[in-house]
Amino acid sequence: MKKRVFFLVGPPGIGKTTIIAKTAATVKAEGYTVGGMITQESRLCGTRVGFSVTDVYSGKQEWLAHVNYETGVRFGKYHVNVEALDAVGVKAVMFALENCDVIVIDEVGPMELFSANFRMATRSALQSSKMLLGVVHWKARDALIDNAKSREDAEVIDVTYENRDRLPEELATRILALLSAKAH
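Convert by adding 1056 to the 1-based position in the sequence shown; the result is the number in our numbering.
Honestly, the hints are just simulated from the structure, not real lab data.
The reader is advised that the hints may include incorrect statements.
[To be verified] Using 20 Å as the maximum straight-line C-alpha spacing, the simulated SDA-like pairs for lysine to any residue come out as follows: (1) K1238 with E1086; (2) K1238 with S1184; (3) K1195 with G1069.
Keep in mind the model is a prediction, meaning the values are calculated, not measured.
Based on the sequences and whatever the hints tell you, model everything.
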């Protein structure tokens, strides 16, 4: 079975989100549409203070979690803003399902999994026939993650210092070949 789902895994800071962004940019430059969500950490004076969620297609951004939030689900030193995740991230994934050639979900991780709507959107993306490029939290244990990683049409790619620089081009080449074959 051809792989149409590509999940990156690896420790924090290894470059997974950078790989996703570069791959998406290359695919877009070839005339295909890419939508979905990217989660990025935010730092203040070198210390991580939170995470933002960005709609890949529109560029809309909200705080997903922050150390200064006092409401929301507590996760470590952060409070998770599930409403922002639903309004930006989930909405972006659902838009991509209907309107884009490639869906990006970065990341399927513990904070995102607090949202039932995120779980539903991720399941819908997996059940679709669309190309899916995502990040799965490297240590999280959850039935949704386990099922996603074990799908026949999924490939899990371990990001390392040795392969991270070549992965954007390799992934873009594979995705573009699959999209081109699908169009014919």
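Handout entry: Satisfaction of hint between G1069 and K1195, Cα-Cα up to 20 Å
Key = holds (14 Å)
Problem - Restraint check for K1238 with E1086, where alpha carbons must lie at most 20 Å apart - result: holds (15 Å)
Problem - Hint consistency between K1238 and S1184 [alpha-carbon to alpha-carbon, up to 20 Å] - result: holds (14 Å)
Checked against the numbered hints above, the structure breaks none of them.
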